[in-house]
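Starting from the known structure of chain A, fit chain B onto it as the hints suggest.
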Amino acid sequence: MSAATAEPPKTAPAAPAATDDSWSVERAHIDASARGPVLVFFFTALAWLLVSTFFGFVGSYKLQNPGFLADWPIYTYGRVVPAFHACFTYGWCSLAGMGVAIWLMARLCRTPIKFPGALIFGALFWNFGLALGVSGILLGQNTGLEHMALPRPAAWMMFIGYFFVGVTGAVLYKMRKSSVVFISVWYLLGAFFWFPWLFFTAHVLLGVPQLQGVMQNVVAAWFANGLNNYWFTPIGLAAAYYLIPKVINRPIHSYNLASIGFWSWAIFGGLTAMTKLSGGPVPAWLVSLSIAANIMLIIPLVTVGKNLFKTMEGNTHMIYYSPTVRFTFLGAIIFCIATALSLFTALRGPDSVTHFTLFGTATNEMLLYSFYSMVMFGAIYYITPRLVGCEWLSASLIRVHFLCAAYGGGLAVVVMLFSGIAAGMRALDPTAQASQLIYNTFAYLPGRTLALVLVTLGHTAFGLHFLLMLLRIGQPAGQATLFAPLGQEEDHH
Amino acid sequence: MSRSSYLFTGIFGSFALSCFALVLVPQMQIGGLTEHENADEGTRYPVVNTRQGREIYIREGCYYCHTQQIRDEQNGADIARGWGTRRTVARDYIFDDPPLLGSMRLGPDLANVGSKDWRNEEKDEQRKPAKRDRAWHLLHLYNPRVLIPNSPMPPYRYLFDEVKAGTAAKANVLPVIAKKKGHEVVPTAEAEQLVAYLLSLDRTEPLPEAGGTKPAASASAPAAAPAAPAKK
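Just so you know, the sequences run in chain order A and B.
Be aware that the first sequence starts at 753, since it is given in our numbering, and climbs by one per residue.
Be aware that the second sequence starts at 9, since it is given in our numbering, and climbs by one per residue.
Honestly, the hints are just simulated from the structure, not real lab data.
Small disclaimer: the values here were computed from a predicted structure and weren't measured.
Even for Gly, the Cβ is constructed at its ideal location relative to N, Cα and C.
Hints are supplied without guarantee of correctness; some may be wrong.
Simulated DEER-style distance windows between Cβ atoms [said to hold, decoys possible]:
#, chain 1, residue 1, chain 2, residue 2, range
1, A, G959, B, A24, 14 to 24 Å
2, B, A197, A, G819, 22 to 32 Å
3, B, Y166, A, Q1231, 52 to 62 Å
4, A, P1198, B, A197, 32 to 42 Å
5, B, P183, A, G819, 13 to 23 Å
6, B, P157, A, A922, 56 to 66 Å
7, B, R153, A, T1068, 50 to 60 Å
8, A, R904, B, S208, 40 to 50 Å
9, A, L1222, B, T58, 49 to 59 Å
Some chain B residues well away from chain A (every beta-carbon gap over 10 Å; in silico) [claimed, not checked]:
#, residue
10, G50
11, K124
12, D125
This is chain A alone, in the form it adopts within the complex (with noise of 0.2 Å):
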């Protein structure tokens, strides 16, 4: 921890060390060799969110009209949802993630991509492999294993595709310019680093020779956890340090808040993943061990929520303007809540309530939509710009997106929350009838799918304007795309 704080950077993130135009240049050179694969990551990424909103929204819908298509197999409830969770996590999420965070490291570490082929080639490995997977899963192969439901088959397809991105990230890295090393590349390095050790070390050991039992259930647990702490919130955060101190043109509040913020998280965050499994057939001390983990969250909930919250303090007026910070910011607020209701529901007599409910559906809904996913809209809006040479054409369709992913995202996490709420207080009490809980359940449901309508739509205007981006429709680049005119320019390229 030491060595993070010896030589704090004084400047905000990757300031040009050289002469502003120099480095003008050398910032377009490096987004040309990067605009090919960050442009194919962040297209098939929408593609996959588009395809992961319409197996939730079908999800979602069965559960109030169980007759909804229930002659397909391939619709069926329990194929869906597993098929939603793999187009949203390693569809949406992980690809929009890689392709933001290999953007970042080369802007942050200011190396271009050497081989930006070797990324496009894994990116379409990913694809392929997760798409055979998603089919695999709709005709009835997944592995029975929650959160590794994908057949295994194409989960090594997919990292054998990540294994060129990893590569990129960490030689982007070893070849950086910069002598400061800003608190994004902590956590970008973190994330292309244990992404692959997490996913190798779970998939190996549920291969040949089987764990036993229980112990495949527990090996599960730590992987999904491990996505979620060791893979999405790196990347997130990672992408909310650089992004909001650009924006708004200053430094990060606290480097040693920063600091303290990536270690206590590395360290914490990995070994909260067993109060999935609390109540059940595990050793006691397992399922105490992640509670105390989840309570020492608090540390890095509060130094990175403050940070934040210090760096935005005084510039709050920006989120009225850019789309980029409205996102992030979102993002962030939203990162805090979301891990202090985890942290509670970690606690045994919360837990007995919210376990086994929709409540820790929604915390981690929140986590990877209302955080996660927030920011990576607010990144994706940020680069494509710098990518395709214009600006967006539409600050009304962004406000579109941004409304509807918001409440959206929003409803849908408070109704899964009460749902969660009725449902377990019901279920403590043991002659509460079935069909009580079952209406405490459902009875909320409708609230959800009319989110998910929200949704779709805010991701259909989203992915529509990236078309546009694409086909290079836009504002002419230079001035980005505000919500309101702004007396002062948005920091641009």
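Same frame as chain A, but now just chain B:
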């Protein structure tokens, strides 16, 4: 050490710690369990459940709505409700590959759904015989709403066939109206296997590490169960 090697060591160390504490140590503790031998009766527990039915349960993703794990009295009302006679422990699952623990209870827990004491509701519920048999489960799978009005469980009609009336054995014909005129609904082999699997689910065997009473001694309905749900 340079700044980079600090960073790298920390990233590796935190991962190694996570892997060690959450995977390796538990593996040493519960990774090599063996069957329980009941010396009195000369039986062994657990037994291997029917594989084919289990595979269909997996294929259709039943575990996205149903758990198969019973929590003890400190964690909710599973036992008081009648879903089990004791908590489930790692040894219950040594032959399950993988165990279908589940994490969501949109429907009831099914860890013991095949045991004769399994209860999910008050005794006098007309449409649910205390002992669900093969015929009941088949009908429920074909269309849950025939038996439980407003059930959100999906119908699995595609696990059934329609054959010309009079061609199938009487015991196989479901008491529902087929879509095609002059036809009857009969289960496919897969539906039969799935039901056989459900009926084989029974984790009431007492185990030293899990406590629990002999199944025979616990045939009480939930209404008669202690009405004091554990709050902690």
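Do the hints match the structure? See the list:
no. : hint                         : verdict
1   : G959/A / A24/B: 14 to 24 Å   : 20 Å, holds
2   : A197/B / G819/A: 22 to 32 Å  : 25 Å, holds
3   : Y166/B / Q1231/A: 52 to 62 Å : 57 Å, holds
4   : P1198/A / A197/B: 32 to 42 Å : 38 Å, holds
5   : P183/B / G819/A: 13 to 23 Å  : 19 Å, holds
6   : P157/B / A922/A: 56 to 66 Å  : 59 Å, holds
7   : R153/B / T1068/A: 50 to 60 Å : 52 Å, holds
8   : R904/A / S208/B: 40 to 50 Å  : 27 Å, violated
9   : L1222/A / T58/B: 49 to 59 Å  : 53 Å, holds
10  : G50                          : 24 Å, holds
11  : K124                         : 18 Å, holds
12  : D125                         : 14 Å, holds
Checked against the numbered hints given earlier, the structure breaks only hint 8 and satisfies all the rest.
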